[in-house]
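**Q** The residues making up each chain are set out below.
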Amino acid sequence: NAGVTQTPKFRVLKTGQSMTLLCAQDMNHEYMYWYRQDPGMGLRLIHYSVGEGTTAKGEVPDGYNVSRLKKQNFLLGLESAAPSQTSVYFCASNVGNEQFFGPGTRLTVL
Amino acid sequence: RKEVEQDPGPFNVPEGATVAFNCTYSNSASQSFFWYRQDCRKEPKLLMSVYSSGNEDGRFTAQLNRASQYISLLIRDSKLSDSATYLCVGRDTGRRALTFGSGTRLQVQP
Chain S
726 NAGVTQTPKF
736 RVLKTGQSMT
746 LLCAQDMNHE
756 YMYWYRQDPG
766 MGLRLIHYSV
776 GEGTTAKGEV
786 PDGYNVSRLK
796 KQNFLLGLES
806 AAPSQTSVYF
816 CASNVGNEQF
826 FGPGTRLTVL
Chain W
72 RKEVEQDPGP
82 FNVPEGATVA
92 FNCTYSNSAS
102 QSFFWYRQDC
112 RKEPKLLMSV
122 YSSGNEDGRF
132 TAQLNRASQY
142 ISLLIRDSKL
152 SDSATYLCVG
162 RDTGRRALTF
172 GSGTRLQVQP
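Chains as they are written, first to last, in the working numbering: chain S, 726 to 835; chain W, 72 to 181.
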């Protein structure tokens, strides 16, 4: 099992550009999440999904959209990137008491 | 006020020392609590769950006090490999999403 994988690992964008971050898990988990982590802060929940075809907002959803067309994939989109979205983005999936995290995507918006 | 608060540290301790981290939470919707470990620039990984009865896993002991809304982690006989950031985490029952503290950094020195 690959666990949770994220693509890309690094990306630099200019303000106003768009991009999609891909998260994939091969553990057949229903619940999937997108978090962002900024220096000196804990991870904050952006959006989450409780199953294929469902999505919901977390604590910091503004400027992001998500889709869960397939159970194994959870996509995070930035339609018009802003410097405030410079962060490390972690995807996770859940079973029981444990969340499994992907390795993260480091995004810089200039 | 943050939902989960931790002393950011850093805690600099010699090998073999015992070190304790504390965490307080304010959101009564958080039903379950955990300690996650995060190595520099890596994804968080579950260290242990936290129960009111207390639980121990080798050199690590965790305790939850619901009345005081207080969580602790005790590490005995610190190893160099224990150097990391320790994240105090709450989870609400419905979304199973995690609320993270900002983390406490531990540096174990030879």
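These are computed hints drawn from the structure, not numbers from a lab. Be careful, since some hints might not be right.
[Stated by the list, open to error] Taking lysine-lysine and the DSSO-like style, the derived pairs with C-alpha atoms no more than 27 Å apart in a straight line are: (1) Lys795(S) - Lys782(S); (2) Lys796(S) - Lys782(S); (3) Lys116(W) - Lys150(W); (4) Lys739(S) - Lys113(W); (5) Lys796(S) - Lys739(S); (6) Lys150(W) - Lys113(W); (7) Lys113(W) - Lys734(S); (8) Lys796(S) - Lys734(S); (9) Lys116(W) - Lys796(S); (10) Lys116(W) - Lys795(S); (11) Lys116(W) - Lys782(S); (12) Lys150(W) - Lys782(S); (13) Lys116(W) - Lys734(S); (14) Lys150(W) - Lys796(S); (15) Lys795(S) - Lys734(S).
[To be verified] If you want a taste of the chain S side facing chain W, the calculated C-beta under 10 Å gives, among others: (16) Tyr756; (17) Tyr758; (18) Gly765; (19) Leu770; (20) Val775; (21) Glu784; (22) Gly802; (23) Phe815; (24) Asn819; (25) Asn822; (26) Glu823.
Keep in mind it's a predicted model, so treat the numbers as computed, not measured. Don't be surprised by glycine CBs; every beta carbon is placed ideally from N, CA and C.
**Q** Is Lys796(S) close enough to Lys782(S), meaning Cα to Cα at most 27 Å?
**A** Holds, because 18 Å separates the two Cα atoms, which is no more than 27 Å.
**Q** Regarding the pair Lys116(W) and Lys795(S), is the alpha-carbon distance no greater than 27 Å?
**A** holds, 25 Å
**Q** Holds or violated: Lys116(W) with Lys150(W), Cα cutoff 27 Å?
**A** holds, 18 Å
**Q** Keeping to a limit of 27 Å between CA atoms, is the pair of Lys116(W) and Lys734(S) held or broken?
**A** Answer holds: Lys116(W) to Lys734(S) is near 18 Å, not above 27 Å.
**Q** So, Phe815(S) near chain W? Judge it on the closest CB pair being under 10 Å.
**A** Holds, because the Cβ-Cβ distance from Phe815(S) to chain W comes to roughly 6 Å (cut-off 10 Å).
**Q** Double-check Tyr758(S) for me: the hint is only fine if its C-beta lies closer than 10 Å to a C-beta in chain W.
**A** holds, 6 Å
**Q** Against chain W, with CB atoms and a cut of 10 Å, does the hint on Tyr756(S) hold up?
**A** holds, 5 Å
**Q** Was the hint right that Leu770(S) lines chain W, CB cutoff 10 Å?
**A** holds, 5 Å
**Q** Quickly compare the C-alpha distance for Lys795(S) and Lys782(S) to 27 Å and report which way the hint goes.
**A** Roughly 18 Å between the alpha carbons, so the hint for Lys795(S) and Lys782(S) holds.
**Q** Are Lys795(S) and Lys734(S) close enough, with their CA atoms no more than 27 Å apart?
**A** Holds, at roughly 21 Å.
**Q** Take the C-alpha atoms of Lys150(W) and Lys796(S), compute the straight-line distance between them, and say whether it is at most 27 Å.
**A** violated, 40 Å
**Q** Using Cβ atoms only, decide whether Gly802(S) comes closer than 10 Å to chain W, and label the hint accordingly.
**A** Violated, because the Cβ-Cβ distance from Gly802(S) to chain W comes to roughly 19 Å (cut-off 10 Å).
This entry does not satisfy hints 5, 12, 14, 22, going by the numbered hints stated previously.
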